[in-house]
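**Student:** Each chain is listed here by its residues.
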Amino acid sequence: MSTATSDRPTPAHNSLTRDVWVNFKRWSRKAIRNPTAFFLEIVVGVFSLLLFSAVFGDVGEFALTQAGYADVDYLTYLVPAVFMQATMGSAFSSGVGLVGDLESGMFEKVTAMPMGWTAVLLGKAAADLLRILVQLLVVLALAVALGASVETGAAGVAGIMGVALLVGLLFMSIANILGVLVRDEEAINAASMLFMFPLLFLSPAFIPVADDIEWVARLNPITYGVDAIRALVIDEDVLTVLDVTRFGGIYDTLVPAVAVLVGLNLLFGAIAVRVLGRASSADAA
Amino acid sequence: MTYSDGTEAVRDLSLSIPRGEFFGFLGANGAGKTTTIKMLSTLLTPTGGRARINGYDVVDERTAVRGTVGYMAQHVSVDRELTARENLQFACEAYGVGGADRESRIEELLELVDLADVADTPAENFSGGMQKRLDAATALVHDPALVFLDEPTTGLDPKARNRLWDYFERINDAGTTIFLTTQYLEEADALCDRLAVIRDGGLVADDSPEALKRRVGGSRLSIDVEGGEEAIAAAERVARQHDWLTDEAALETTGDGLAVATSSPADHGSDLLVALRDAGVDISGFEVEEATLDDVFLTIADEGTDGLDAGGEDTDELDAESQQAAPAAASGTGQ
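Residue numbers (our numbering), protein chains in the order written: chain P, 1 to 285; chain Y, 286 to 620.
Hints were generated in silico from the structure; no laboratory data involved.
Honestly, I wouldn't trust all of these hints.
[To be verified] Only part of the chain Y face toward chain P is listed, based on derived beta-carbon distances under 8 Å:
{"hint": "1", "residue": "326"}
{"hint": "2", "residue": "328"}
{"hint": "3", "residue": "332"}
{"hint": "4", "residue": "340"}
{"hint": "5", "residue": "344"}
{"hint": "6", "residue": "349"}
{"hint": "7", "residue": "351"}
{"hint": "8", "residue": "356"}
{"hint": "9", "residue": "362"}
{"hint": "10", "residue": "380"}
{"hint": "11", "residue": "383"}
{"hint": "12", "residue": "384"}
The model shown is predicted, which means the values in this text are computed figures rather than measured ones.
Here a beta-carbon is modelled for each residue, glycine too, at the ideal position from N, C-alpha and C.
From just these sequences and the hints, can you work out the full model?
**Tutor:** This is the structure:
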């Protein structure tokens, strides 16, 4: 079929970075519009810190002594646990946001716009990560105010945030994949509980991992997030599920843990892009 | 277009829509309207056939198609957490409507859809009609050459509906091609230059609203005549002398008398009755049946292609149209 190409209207479009920015702005705006959820997630984090340190305090100190962490305060030991809990909770909100878009028709509307899916996803992910970052900084400040300490200083804090964001991104991918598959906000919320508690308890989040569940903890991504953050908090090599000695000091924890998290991110990120891309082009029924 | 579950939603559909036309796409629920509009707006990849929108291929030049069309989905699609202004800002930015133009464009659209007073209210506080209007405005921020409107007034009250109609007519007058799907023939009749009817995934009619109405109905006069077949034949001869009744199809004999299809039943009916009485025909009954617009639609959608021009597989015609100097805003064949 021949068509007079000279007379075609010029398509509206942006650069990739501009598209990312546009989507980042939209999702950040929505987060600001909904401050209750934002602060509630912070409150849950701080509340968990206080609750767990009060309830498990003595048991925790005993377990730490047994595991060779006699010099570590239990509140400090709990910081990574609370970080992971807040990160996962917040990451699942990202899936809830996606379901909201699927239900409101915005998902289709955005698909019909001249923006690539990568830009749409990156913009949303960036906004979600910024939200998590702000929440974690608040939780960390409160933890420090309560008596926790970060032995590796400012660089350590930056590292902690980096690791938390890696975990956040991983669970955002998972939550968004679930969002497309189940398309139901309540199911996503229920799934977040289903993920959060087993993964936290089957990791060294609250107490060092017992020998008989070590193999489970090895398969649990939260183990790597918890240990990497804990290494930065107490400045010790804490990774027990893998036997790494070649990097020295806390890098024996950080390098393998970050490598595992990056690998999982690549895998689940690719699946998320694929699942969302598919949903956007065949979402017709 | 066949879905993965084997449902064939649209087949052998051939259409060419010239720039600036207000095109109406009619059909019952499940006839294939939304599937067609989603294929043309690139939201669905066709399993067969080709289509060009504004000169761009819907499969190979997807992003270019998206950048030259506006799309208003059947269900309201606005970000309810954001205000009307923020929804428009997002749409402007997504379509690359630049800084200086943006604010004036947003103000203009807010005025146009009558939401200027509530511009800074989150859309979740809007009524359904207001959300629809906002949705329509966001589909138009980039002044697209062609707009797809998928049942834009379904579920609206008459006032909100009339307001949207106004709005669509205005942008069409300004040169925007409109592809409208609707279940309401009244809406199609009020707005469209041309109508196509889809049934079971294929076209069963494609013409101007007037021609379509003429072809499937209009009004029908029934005149009963005393005196059997001879009298009926005599009456037919008298009726045929009227020059508005030269069309064979418009006049037929029934067991009781004559049946006449006409667009002006009052004039033609009284003319005919006077002529018959003057000719000595004994009239025993007279009735005018007005075909409602809904009846017309139902007749076409239910009866199929009998006596109507189907778009069918006539792809040659499509090529010819596409080669003309003024290119088609939308053209394509699908399977």
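**Student:** Could you run down the list of hints and mark each one as holding or not?
**Tutor:** For each hint, the structure was consulted:
Satisfaction of the interface hint for residue 326 of chain Y is found here, the shortest Cβ-Cβ separation to chain P being roughly 6 Å, below the 8 Å cut-off. Among the interface hints, the one on residue 328 of chain Y holds; its C-beta lies about 6 Å from the nearest C-beta in chain P, closer than the 8 Å criterion. Proximity of residue 332 of chain Y to chain P is violated relative to the hint, the smallest CB-CB distance being about 11 Å (cut-off 8 Å). A cut of 8 Å between beta carbons decides the hint on residue 340 of chain Y: the least distance to chain P is about 4 Å, and the hint holds.
The interface hint given for residue 344 of chain Y is broken, as the beta carbon of that residue sits about 10 Å from the closest beta carbon of chain P, more than 8 Å. Annotation: interface hint on residue 349 of chain Y holds; nearest CB of chain P at approximately 4 Å, less than 8 Å. Look at residue 351 of chain Y: its Cβ gets to within about 4 Å of chain P, closer than 8 Å, so that hint holds up. A hinted interface residue such as residue 356 of chain Y counts as satisfied when its beta carbon comes closer than 8 Å to some beta carbon of chain P; here the least separation is about 4 Å, so the hint holds.
Checking residue 362 of chain Y against chain P: minimum C-beta separation of about 3 Å stays under 8 Å; hint holds. The interface hint given for residue 380 of chain Y is met, as the beta carbon of that residue sits about 4 Å from the closest beta carbon of chain P, less than 8 Å. At about 10 Å, the closest approach between the beta carbon of residue 383 of chain Y and any beta carbon in chain P exceeds 8 Å, and the interface hint on this residue is violated. A distance limit of 8 Å between C-beta atoms decides the matter here; for residue 384 of chain Y the minimum to chain P is near 12 Å, and the interface restraint is violated.
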